[in-house]
Amino acid sequence: MVFGIDLKKIFIVVLASVALTACATQKKGTGQLQGDVYTGTDTVEYLATGVKDRVFFATNKSTLTTASRDTLRKQAAFMRKKKDLKFAIEGHADERGTREYNLALGERRANAVKDYLMTYGISGSRLSVISYGKERPVNSGSNPLAWSQNRRSVTVKAN
Amino acid sequence: MKKLILSIFCLFIFSSTSMALVEVDITRGNIDPLPIAVSPLYIEPGSKDIKQDGKIIKNVGERISEVIEVNFKRSGLFNPLKKDSFVQKPDIAHVKPRFEDWRLIKAQALVTGKVTVSDDKLRVEFRLWDVVAAKEMVALAFSTTPENWRRVAHMISDKIYQRLTGEEGYFDTRIIYVAETGSKTQRFKKLAIMDQDGANVKYLTLGNELVLTPRFSPKNQLVTYLSYFRNLPRVYLLDIETGVQEVVGDFAGMTFAPRFSPDGEKIIMSFAKDGNSDIYTMTLKTRVVEKITDHTSIDTSPSYSPDGKYICFNSDRSGLQQIYVMRSDGSGVKRITFGKGLYGTPVWSPRGDLIAFTKVHKGKFYIGVMRPDGSGERLLTENFYQEAPSWSPNGRVLIFYRETKSDSEGKGFSAKLWSIDLTGYNERLIKTETDGSDPSWSSLLSK
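Those protein sequence lines, which keep their order, are chains F and L. Numbering follows the numbering used here, in which position 153 of the first sequence is assigned residue number 153; successive positions increment by one, without gaps. Position in the second sequence (first residue = 1) + 1000 = the numbering used here.
One chain only, chain L, in its complex shape (with noise of 0.2 Å):
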């Protein structure tokens, strides 16, 4: 993975928030999303075409302007307008909008850009309009290397998304997960990781040994997950960066489960051992192992709330599968679901205030969000099979995987990665070239 360099040389932000008019209503569900128009990026004479894995990428202003629309459409929020109702040209719509134009359209919000390339260098620029105000809202301009064309664009989808709804993005993200082949009962899995929109798909494992369960360090650039090299499983760390891959700590048994403590020190995870699951972490630097649940049922699945002080996990101490909370030394132990059927997989929100989990009730699969307390639970979407929610790292979205009824022959399988929003609106298939499970968000690239 190339370095990012990335410099910002300007950042204007001409009207104070009180003045601007144009605001997206985050609250609700995708009821009225916000008409806007993203103008091709206009590109500077002289520039070069992007050479990238041997392929030639021209008129780079308008594959960037598209790959914002995209980001836009699908975050529910935005309605990105047609281009082909667009009279202004780029370039001159760059300098100074002519507003009334733009209003004819119904956009109340307009990007537009411009893009300089050099042999080694891409330099683009942006503007954010408030179009009934006729205003500027922001102005920035990124430098970086021309392959990196793509990350650019979600930074500035990140930069107008958080200008408009008031939230931080989640655009300049990846994710990881297990991309699938094979038939059902002889599957290969390997790990992949992507863009957040599907893009740059790469695969970091080669389908020898089976793996689950990826899940990304808040830092970025490490991934702990269950791999069954030698036929053993247990939880690996693997630097995305280098490619190294290590077993983590050194247990005489199934080790699974894993997840990253907040600040990225310390790995959580189930370990396995006479028929008894319990939970342990174990500190990275100092490889220091504690045991953090003595239970003779099946403790497993924690996940740490963001200020690392509690931990949810999932226990059939009760006698079936449901979801408990304790402090992160493992005291205070409290179960939190008593609703119908069984709970798993919690996994507290980015922003503390939720947990997200999988229900299954009378044969149904749901993802579901409720309060650490366990109050307030609201499913959020219903199917045959569907597990392993993962939080965008704005705590807006959840992402995870659905798989569908097969017959004998396995005719008719497929598991897929899907997301949706926290309201419950906007389920989305996100688009693999492989059948893909337990897809794990990563934090934002850059801050």
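Just chain F, same shape as in the assembly (with noise of 0.2 Å):
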């Protein structure tokens, strides 16, 4: 019995440590990725200090992520500063997926966006939303990183 203890022991050091040096690995790099969703700031610009113009989807989601939620209430709040802007919410896909279905995904990517900016107290009158599909990549290449910061929702002033 105690021998089997001890083994299970191991065995959880010996996963822990292969744990850590996936993360360690993942890491290396121009940007970080936790599942298949990107969480670097390469190709992030700013709205305002500190205000993050976009959010990142995993593959064939539009799910929002603990990350991209507090990139959203931070644009809320900016929004709310800034009564007279209105704002362009742009859905994009990555090259993985058939042309229209990504232009679909796009609409349903900047929708979840919208959404979560509304609970927040923004208009849906200061948001319109458009999808470019995967027609607007931010990354030319064709890699899991490039993908996943293609995989994104943009808001842009739109006036």
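Since the hints were derived computationally from the structure, they do not count as laboratory data. This one's a predicted model, so the numbers in the text were calculated from it and none came from an experiment.
Using 25 Å as the maximum straight-line C-alpha spacing, the simulated SDA-like pairs for lysine to any residue come out as follows:
1) L:1334 - L:1290
2) L:1273 - F:53
3) L:1340 - F:60
4) L:1416 - L:1382
5) L:1431 - L:1418
6) F:61 - L:1336
7) L:1190 - F:132
8) L:1273 - F:132
9) F:86 - L:1229
Need the complex rebuilt from these two chains, each delivered in its own frame; the hints are there to steer you.
Spelled out as structure tokens, the structure:
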């Protein structure tokens, strides 16, 4: 029995070290990924100091991550201060899907952002939505990092 | 686009089908293409040169025979023999071939012809000969304006193809596509139209706004496509004869993925609202809009069956992209794809017996076909990225586009048009002046 418990401990230690190495390798390079959602800032621009203009998505998904919701709450705070400004939310997809499905996916992503901003008191009349599907990548690369940077929704000033 | 004035003077079909010895087996791939000799068409003395787009075309008889040869070679079903092995002169061969000479170079079929050009008229006569049985199979004459010489070559190709395969041809057709220039992050896209063999390219938009997914009406003069005009992505209708464009319907949101109904009277498309895409139709004459699907998932890429009774489409209602079939009123929705991977861009064959699709599995893209009930899946080609198959009007060839991998500077990227035979053989690049995508094949221009 004692022997068995020892084995279990060893197993946990081994697992933990594997996980650590995995993290270390993922943080190398120019950007960072969590799952396949981009968490870096390489392509990010700012609406105002500390207010990121974009959020990123997992492949084929339009759900907002914790980090995305944090970014959008800051966007909403900025929008509340700038009452005269209108915004366009541009939804994008990566190049690894069919064109028409990606147009719909980009629209779904942009609307996920719009809905979240509205729950923080931003009127829907100030927010327009446009999907570009896979037509406007920010990173030309054909690799997982580039695709993660392209799966995004960008909030831009519209007036 | 100039209207083709065409008259068929005479139509003699001498031998009955049962008598013909030369037949092309179209059920297999291009394992054994039929050796065919296309003699240069003989020019009647006194004929003039053809002036076209500021250029002078000498010896149009030879040019016509070359266009026919390229069509035949690209079909994969014929092997046009080299002209330098031809012994008999074109004018004499057209009157009466010395079959033993043609048999010597292993030709099984022979095409001969005669061209007469005056200032405003081109008359082309051709004969198809069965070399093995030593008899004439078809003889026809076309009369048109001189600048239509390429179309005459395509029509001759269609007549010969039909006589030898028993299937309708697809050479007198055009392809509409999106011509692409610029870097990957700043791409300029224009609508372009060309003959099926890549000749006569014309650009239909200026590239000021993003345009995507043009599709021909089965009636040919109309095209429906997606334009980002004024940054509002909407489905448009374009008359390629007059250049007149108009937006389809009055939707407060993105409309996309348009196609015509088989009778050309409706446009079926997706309308995205509040993050949800559903399928709608609009009747062109009455402008009546109908909602066909009503589901919280993405429903897109609709395509009618040729009898108009069914619609196949793409939906992620099961969680990921799959292909579904329903009745044209939206009832009886049934999922048909259950294989591994994602399925998109279903397009119903003009013959009705197959649906072509794009499949994504383990980071690879496939073009494939299956029966409308989802059985008999066959993958025709595998690549890094390819999608959007479109059928030739006879349902034998698929045209699609393929993109290549690139680095973060965009180096290595290209988008090209390709075609492949239904059998999975005869994959070919279709050369275009610029990069190209989203090809759509017209129906036959003349029937």
